[in-house]
Each structure stands twice: as structure tokens, then as C-alpha cells.
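What follows is the residue order along each chain.
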Amino acid sequence: SQLAEENSWALSVHEGESVTVNCSYKTSITALQWYRQKSGKGPAQLILIRSNEREKRNGRLRATLDTSSQSSSLSITATRCEDTAVYFCATDDGNNAPRFGAGTKLSVKP
Amino acid sequence: NSKVIQTPRYLVKGQGQKAKMRCIPEKGHPVVFWYQQNKNNEFKFLINFQNQEVLQQIDMTEKRFSAECPSNSPCSLEIQSSEAGDSALYLCASSLGQGYSDYTFGSGTRLLVI
Numbered sequence: 001s002q003l004a005e006e007n008s009w010a011l012s013v014h015e016g017e018s019v020t021v022n023c024s025y026k027t028s029i030t031a032l033q034w035y036r037q038k039s040g041k042g043p044a045q046l047i048l049i050r051s052n053e054r055e056k057r058n059g060r061l062r063a064t065l066d067t068s069s070q071s072s073s074l075s076i077t078a079t080r081c082e083d084t085a086v087y088f089c090a091t092d093d094g095n096n097a098p099r100f101g102a103g104t105k106l107s108v109k110p
Numbered sequence: 001n002s003k004v005i006q007t008p009r010y011l012v013k014g015q016g017q018k019a020k021m022r023c024i025p026e027k028g029h030p031v032v033f034w035y036q037q038n039k040n041n042e043f044k045f046l047i048n049f050q051n052q053e054v055l056q057q058i059d060m061t062e063k064r065f066s067a068e069c070p071s072n073s074p075c076s077l078e079i080q081s082s083e084a085g086d087s088a089l090y091l092c093a094s095s096l097g098q099g100y101s102d103y104t105f106g107s108g109t110r111l112l113v114i
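Taken in order, these protein sequences are the chains called H and F.
Going by this note's numbering, the first sequence opens with residue 1, and the numbers climb by one from there.
Going by this note's numbering, the second sequence opens with residue 1, and the numbers climb by one from there.
Just so you know, the hints here were simulated from the structure itself, not pulled from any lab data.
Keep in mind it's a predicted model, so treat the numbers as computed, not measured.
Quick reminder that beta carbons are idealized off the backbone N, C-alpha and C, glycines included.
Certain hints may be false.
[Stated by the list, open to error] Computed list of chain F residues with no C-beta within reach of chain H, every gap over 12 angstroms: (1) L11; (2) K13; (3) G14; (4) Q15; (5) G16; (6) Q17; (7) K18; (8) R22; (9) E42; (10) N51; (11) R64; (12) S66; (13) P74; (14) G85; (15) S87; (16) I114.
[As the list claims (entries may be wrong)] If we take Cβ atoms under 8 angstroms as the criterion, some of the chain H residues that face chain F in the derived model are: (17) Q33; (18) G42; (19) Q45; (20) L46; (21) C81; (22) G94; (23) N96; (24) A97; (25) P98.
All chains, please: the whole structure from these sequences, using the hints.
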């Protein structure tokens, strides 16, 4: 079973709009990562947020982490067509390889 | 461009054939991971190494899959006898170590078993 999972399979927005992808997990973690994977490419890490952090930003991206509810969110503002991709969260527990969710497919339309 | 180099990009094999793929980790990264990503985008961890030593591997890897990370050579993942269900994207990632959480992925090798 997935130890990390995004809460929506697919999202669609228009350029310029904001969007949030959510993720929940089931175990104690040391860190959570958000990745973007474009068609034909490997995942690219967007934001790494450690268990003692509550928020992290990277340009138009903002990730939050709530360890009490075991959930995280990734928000993208002012979306662009090139943000179209599959977004994954992955969790680290300090002992095992990172565990990935099944991904949320984001489509940004002109 | 990815700092983790995977070759080949595409691999087509018949059932029962061997399939071998290679990975050059990011410079200075001693830990290498192999994942299998299926057509539903689900990731399955296969094996990881620290330098030349296996850290963890799943049962599937112990049977038909073999992997190594020799010093001064690319890491490799080989499927001894390919099955249709092995068709997937095989991803290699590297990091400074488990716990650093800063992983760099390659573009993957897409294996098709016909």
C-alpha cells in the first residue's frame, strides 16, 4: 500500500489560476518532498520540507506540512502551460527509501 | 539536463531475454536507488546501494533482478528473464545519503517486453 498519497487523481486549471495539490501519509516522517514529472522525463524535486518545518517556498511554489494531521499541500500560483505535469509527494522516514504517492496529473490550459 | 545519466532511454526485449540498464549517479552521491514506475505512475522501490554495498532490496529484486554499483563504473540493473509485467519505466536516483532527502533522478529507461 502507498505510504504517501495525493488526494486527487487529476486537476485542470486555466493559465494564471492557482492550484493546490494535497498529500496525506500514514507514518512518522523525517521529510517530505514534492516532485514534478513531465512526460518522458524523470521526477524533478521541487521542494524538500523537513518534519520540523511548516512551510517552504520556491518561486511560485509553496509547500506546507502538518505533521499532526499527516498531510502536506503544494500550491502553485500564476500557473503556466509548462506546469502541466504529474505531481508527486514522497516521504522519508530516515530508514527506508522514499515512498511515493500515485501522483496528481495537473493540466494547465491556455 | 539531469545530473543522473541513465542509458539506454528505450529497451525492447522479448519474453525470457535479459534486459540491462545503466545509471551514472550525480557526482559525489554515494547512494543510488532503483525504482520501477508502471503505466499508472506508481513507484515501486527495487534496491539501493551505498557505494558498492546493497542497503535494501525487495523480494522481487532477489529473484529475477540483479543490480550492482561497482567502483569507477556505472551502476546497473539487469532482469535475467524478462516478463511482460516488467514493462515499465526504470528510474535511477542518487543522493548524498539516506536521510539527506535530496534526491536527483535520471530520465529513466523505458523497458518494453513483447
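Verification of the hints:
1. Every C-beta of chain H lies more than 12 angstroms from that of L11 (chain F), the closest at about 15 angstroms, which supports listing it as non-interface.
2. Against chain H, the non-interface label of K13 (chain F) holds: every CB pair exceeds 12 angstroms, the least being about 20 angstroms.
3. Even its closest Cβ contact with chain H, about 24 angstroms, leaves G14 (chain F) beyond 12 angstroms, as expected for a residue assigned away from the interface.
4. At roughly 25 angstroms, the least C-beta separation between Q15 (chain F) and chain H is larger than 12 angstroms, which holds for a residue marked as non-interface.
5. Listed as outside the interface, G16 (chain F) is consistent with that label: its C-beta sits roughly 28 angstroms from the nearest C-beta of chain H, beyond the 12 angstroms cut-off.
6. Against chain H, the non-interface label of Q17 (chain F) holds: every CB pair exceeds 12 angstroms, the least being about 24 angstroms.
7. K18 (chain F), annotated as away from the interface, keeps every beta carbon of chain H farther than 12 angstroms; the closest lies near 23 angstroms.
8. The claim that R22 (chain F) lies off the interface holds: its Cβ sits roughly 14 angstroms from the closest Cβ of chain H, which is beyond the 12 angstroms cut-off.
9. With 12 angstroms as the threshold on Cβ separation, the claim that E42 (chain F) sits away from chain H is violated: the shortest Cβ distance comes to roughly 6 angstroms.
10. In this structure N51 (chain F) is separated from chain H by more than 12 angstroms, as the shortest Cβ-Cβ distance comes to about 16 angstroms.
11. Listed as a non-interface residue, R64 (chain F) keeps its Cβ farther than 12 angstroms from every Cβ of chain H; the least gap is roughly 20 angstroms.
12. No Cβ of chain H approaches the Cβ of S66 (chain F) within 12 angstroms, the least distance being about 18 angstroms, so the stated non-interface status holds.
13. With a minimum CB-CB distance of about 16 angstroms to chain H, P74 (chain F) clears the 12 angstroms threshold, and the non-interface call stands.
14. For G85 (chain F), the non-interface assignment is confirmed: its Cβ lies about 18 angstroms from the closest Cβ of chain H, beyond the 12 angstroms cut-off.
15. For S87 (chain F), the shortest C-beta to C-beta distance to chain H comes to about 16 angstroms, beyond the 12 angstroms cut-off, and the non-interface label holds.
16. At roughly 20 angstroms, the least C-beta separation between I114 (chain F) and chain H is larger than 12 angstroms, which holds for a residue marked as non-interface.
17. With a cut of 8 angstroms, the hint placing Q33 (chain H) at the interface with chain F holds, because the nearest CB-to-CB distance is about 6 angstroms.
18. Hint status for G42 (chain H) relative to chain F: holds, with the closest Cβ pair at about 4 angstroms, below 8 angstroms.
19. At about 6 angstroms, the closest approach between the beta carbon of Q45 (chain H) and any beta carbon in chain F falls short of 8 angstroms, and the interface hint on this residue holds.
20. About 12 angstroms separates the beta-carbon of L46 (chain H) from the nearest beta-carbon of chain F, more than 8 angstroms, and the hint is not met.
21. Given hint, C81 (chain H) at the interface with chain F, is violated; its Cβ is 20 angstroms from that chain's nearest Cβ, farther than 8 angstroms.
22. For G94 (chain H), the interface hint holds, the least distance from its beta-carbon to any beta-carbon of chain F being 5 angstroms, beneath 8 angstroms.
23. With its C-beta approaching chain F no nearer than about 7 angstroms, N96 (chain H) sits inside the 8 angstroms limit, and its interface hint holds.
24. For the restraint placing A97 (chain H) at the interface with chain F, the shortest Cβ-Cβ distance is roughly 5 angstroms, inside the 8 angstroms limit, so the hint holds.
25. Look at P98 (chain H): its Cβ gets to within about 7 angstroms of chain F, closer than 8 angstroms, so that hint holds up.
Consistency note: the structure conflicts with the earlier hints numbered 9, 20 and 21.
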